[in-house]
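Protein chains in written order, with my numbering: chain G, 1 to 328; chain R, 1001 to 1171; chain U, 2001 to 2731.
Keep in mind that the hints were calculated from the coordinates and are not lab data. Some clues are possibly wrong.
For lysine to aspartate or glutamate, the following DMTMM-like pairs were computed, each having C-alpha atoms within a straight-line distance of at most 25 Å [said to hold, decoys possible]:
no., chain 1, residue 1, chain 2, residue 2
1, G, Lys2, R, Glu1020
2, G, Lys2, U, Glu2122
3, G, Lys2, R, Glu1083
4, U, Lys2724, G, Asp298
5, R, Lys1008, G, Asp285
6, U, Lys2724, G, Asp289
7, R, Lys1090, U, Asp2670
8, R, Lys1133, G, Asp54
9, G, Lys317, U, Asp2731
10, U, Lys2496, R, Glu1077
11, U, Lys2724, G, Asp141
12, R, Lys1133, G, Asp306
13, R, Lys1090, U, Asp2672
14, G, Lys188, G, Asp45
15, U, Lys2496, R, Glu1083
16, U, Lys2724, G, Glu85
17, U, Lys2041, R, Glu1083
To be clear about the criterion: a stretch of chain R counts as covered by chain U if any three or more of its residues have a C-beta under 8 Å from a C-beta of chain U, and this derived list gives those stretches [as the list claims (entries may be wrong)]:
no., segment
18, 1078-1087
19, 1134-1143
All of these numbers come straight from a predicted model, not from anything done at the bench. Every residue, glycine too, gets a C-beta built ideally from N, C-alpha and C.
Okay, here's what each chain looks like letter by letter:
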Amino acid sequence: MKPFTYERVTSSADATHAGAQTGAAFIAGGTNLVDLMKLEVMAPDRLVDINRLDLQSIVATDDGGLRIGALVTNSALAADATVAEHYEVLARALLAGASGQLRNKATTGGNLLQRTRCAYFYDTAMPCNKREPGSGCQARDGLNRILAILGTSAQCIATHPSDMAVAMMALGAVVEVEDKGGTIRRIKLDDLYCLPGSTPHIETVLDAGDLICAVILPAPSKGVHIYRKVRDRSSYAFALVSVAAVMRMEESRIAQAALAFGGLAPKPWRSAQVEAALEGNAPSDALFDHAADLLLSDAQGFGANDFKIPLTRRTLKAVLRTATEAAQ
Amino acid sequence: MTQITNLKINGVSQRVGVDERTSLLDLLRHHLNLTGTKKGCDHGQCGACTVLVNGVRINSCLSLACMHDGDEVVTVEGLGTPENMSRLQKAFVQHDGFQCGYCTAGQICSATAMLEEVAAGWPSNVSACLSGKVELSDEEIAERMSGNLCRCSAYPGIVRAIRFAAEGDTP
Amino acid sequence: MTAHHKMDGKHRDVLADMVQDALGRGTPRIDGPLKVSGQAKYAAEVGDGTEAVGVFLRATVSKGRVTEIDTAGLHAMHGVLAVITDPRLLRNPAQGTADKAPVQGPSDVAYFGQPIALVVAETFEQARHAAQTATVQYEEQTAVTDPRDPEAAIDSPEAKQINIGDLDAAMQDAPVSIDFEYTTPSQNSAAMEPHASVASWQGDELTLQGSYQMLNYNRNELADALGIDPAKVRMLAPYVGGGFGSKLGIAPDAVAAAIAAQELGRPVRVVMTRPQVFETTMRRSATVQRLRLCADAQGKLTGIGHDATVSNLPGESFSEPVALATHFLYAGKNRAFAHHIARVHRTCAGSMRAPGEAVGMLALENAMDELAHKAGIDPIQLRLRNIPDRHPENDKEFSSRRFADCLITGAERFGWSERHLDPGMRREGEWLIGMGVASAARGNDLSEAKARVTLHDNARATIETDMTDIGTGTYTILAQIAAELLGLSLDQITVKLGDTDFPSGSGSGGSWGASSVGSAVFLACQDLRKEIAALMKGDASELKLKDGTATLGNMRRDLSDMITRAITVTGHIEPGKASDAVHHAGFGAHFAEVAVNAVTGETRVRRMLGVFSAGRILNSQTARSQCHGGMIFGIGAALTEEMVHDHRDGHIVNHNLAEYHIPVNLDVPDLDVVFLEERDAWANPIQSKGVGELGISGAGAAITNAIFNATGVRVRDYPATLNKIFPHLPD
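Just chain G, with the same shape it has in the complex:
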């Protein structure tokens, strides 16, 4: 770990100002950042401790939604009564992630911004276009079992490992950000992330100093909430494939299908096309296959992760079956 200067801030103004300096990074729970700093995959010169900012609460919004402070821990969020009752998919996704110890420290903001688990990204002896632009990608032809089949580029096939972000994507979450000038803006979660393209080192639209303050969930929709995570052991493992679903039926037809996917892409994946194909139709095996066809039409495997394509189809169909049966 490279030496760094450490400072604590108590206002968002101080935070954004400090965070905007070259080589600065915010630290909240630290469960991802400290991990990466020990391996010098990330090596900030300056650590800005934001844990004393007033971003720790979960409150109702005026339009019946929920405002989740960026420093709310994953555990606190999963155990929140409102989340349990109205945003069940989010609680389920959180509880499926990491371990009790990690959930107690990891924050909402940090969880959204966590880096990929790609083994070559993690190993500074390996070429990695995300870590060092232009150096190459060892994963494409290497161990890519846990890596992406959608949204990849010739330069990078990383996956985003979060469960929470997948559920938030299905719920239509919006991220509130404060910049170093004090301006607050809102970004749809789907628009927060950048696909690798030719710049895999750029993962979000955030600028230096931008501070995530909160995640805002819209008013909850009634429906069946499912988070299904498929992984190599029963707990304490990242998703190979995950599906977050919020589904509502009306008169034997699918009225609403909000779906997001983890383990498939460099960001939590959502497809309006898939949802449009489902909505308004009666559930059937053929319909579910069609939805999977749309979802996976551009899917590309890289050898060790080819299985994710049929696995996604099977998992999605099972989720849709369970959700539509429960929703009737």
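For this one, chain G is given, so just place chains R and U on it according to the hints.
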């Protein structure tokens, strides 16, 4: 560079000056001679370093010591001594919840806090219901303790010990 | 005084005459209170705070020479005290029982990840940063890193190619036969405590606190590596955080710490990072196995063929002895074995829990299951029909064997009769349910060992030996043996382990520890009984010792009154002609019930039973826990564990505990273990057998056999991850 941090460890106030890079784990082990807490992986992947910070279980290897100003830390040494073991520690001995003993401090700190999480009604990934009282089945114990790896594989003993400590007499 | 015995023949069961009732009980571990309260100190935890800290640099080529390390740049870094590149640094650990140094020389790189230098600094953070950012130049050479590479040199030692009868003909003639290839991947012991050493010198004498399994060998290996007299080396390992084979031989950390401490004139601590444990300590070699079985119409085997290809670095003598148990487990007249070693530039291969059986039994027990299915015979019946009366290759008798009983008892207890003969017949919601069985077998050895027992004048006893307790329960078991013979309660006995100043034990390995060192303690205590009997002017055969009281004829005395000065005896057991007179092994049977998800192919073990006959069980609790451990290693081997080597440079890609998946708590159901009582007069004076590795033998095969019963899918490439199962399940 050195950062001064004031924190309480097992009830004792400490004022420490360490490199900012020092993890809470290494502070305990190599600066305060509290070697009960163990380093198994140093990257939050095994749970052997679990301690309680303000009553909450965390992986101390992924936490920087300098960030704990004002915090209260409890380690396995603070839970009991060989002569005066906690109920959970005794249960681990009685039910063979360990073999080599290296993951044990982490298991016990983790279990101590886990039982508080259960009492607070926190659900888990195997809970049928997200709210209401938690039924502490073996499955619940196992899932909630899955962040503590044990290669000697004392898992059956660990689950038994925790159930005994939580409920009373063994069946 | 020394009490020496060489096992040249059977030994009477002397313990059966004892009356203290200390043995066999599930006595809680006497080291328990220290462990659960964090007071037991492991290697890296010993010291007075003056230690400098060393962190290894890692080779980032598979083969070549280190031509330059920017040591000036390193020395310029804050806190750096030394950069050790001494030619005595180890390339890889010593193999188990090597008793001499392994290959040395950090500049010749033989595998990606090899330790090439040690950076020593005042603090861990400084050393780690320096090691992370060091600039190294190499003269890189091309290297074969994949055993399946057509360019890989293959050794086929003549002595390991065995042909008895004519297997080819038997396969041709048999009404039923199977011929399949099975593969297992590289695996890692993954002990929770990383390798660690603290070295300090007093003049020319070295004290090394290390995490090691076999101090009796390790001290010699360390001395040899350093080029000094072993008498100048003291090794200490009172608490070891797991080994599972990875700590059998001296490893780079000990040698590097010793050299650095000598150079700097102050103690040095070296702890391997977890990735370094994966990359620089022994891996279990991957295997490619071919199993051929042929049988007559009644399912009696007429032929067995077990071929294996494993791998290791050029020049390493160890190769995974895959077919060890196949030689004695089942009858079958025509037998063929082949053994090939591919020479590759990968992390060194060595012993990991049950070398040979852990992987060979996976294939053999799957093959038996396949044969049973093909022949329409119940898998347990097939095994029962093929239990040989004597060793099928050398005609020796078995020293003791309750193999059939294990299978039959287990079948009954597990509810085997409810298993569907045809696969895919049982479903609960989304889950396909199945049951599987596999045999367990592991050779039983006796190793030379010494232990010193002192009976003090207050009737307390002290046991001293350099034997280790790596979670195996040595502390408690040795105390129980002494308690039984001397009629003491456990709290009157002090056990001191893991110090080469004490008499040499056998080391913890090969499952021979409890039997060997236990026998040494037995011999010492037997002589102490003679001393006590002499004090009472009688014969030891009539002496009863119980709860601190000695009774002989009509004399009854308190030991504490009788013993006026301490008596010390060193027990010394040696293997002898008994080793070769008969065949020694422990046996068992594994049963597993699995649930396989019909959508995703994820597999969960719902319940497991292991029935074992392993001689006299010394402590029912620690023995059960050892079997749990083996069974759970079996779950890992069957379902999740695989070290993946990058095909370009052979480096272990998933070199951490996040992506090398050992079972977590939720992966493990409650495990049922039953011991069938047995005595083995040939094995050793205490009539016990090893347990630690018997529990892993065959365990994983019971699970993959259960997967077949649940789904009709036969996975022959371990681990049985979901991507190998769901493509064969209906949509």
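**Prompt:** Looking back at the hints listed earlier, which ones does the structure fail to meet?
**Reply:** As far as the earlier hints go, 3, 5, 8, 12, 14, 16 are violated by this structure, in ascending order.
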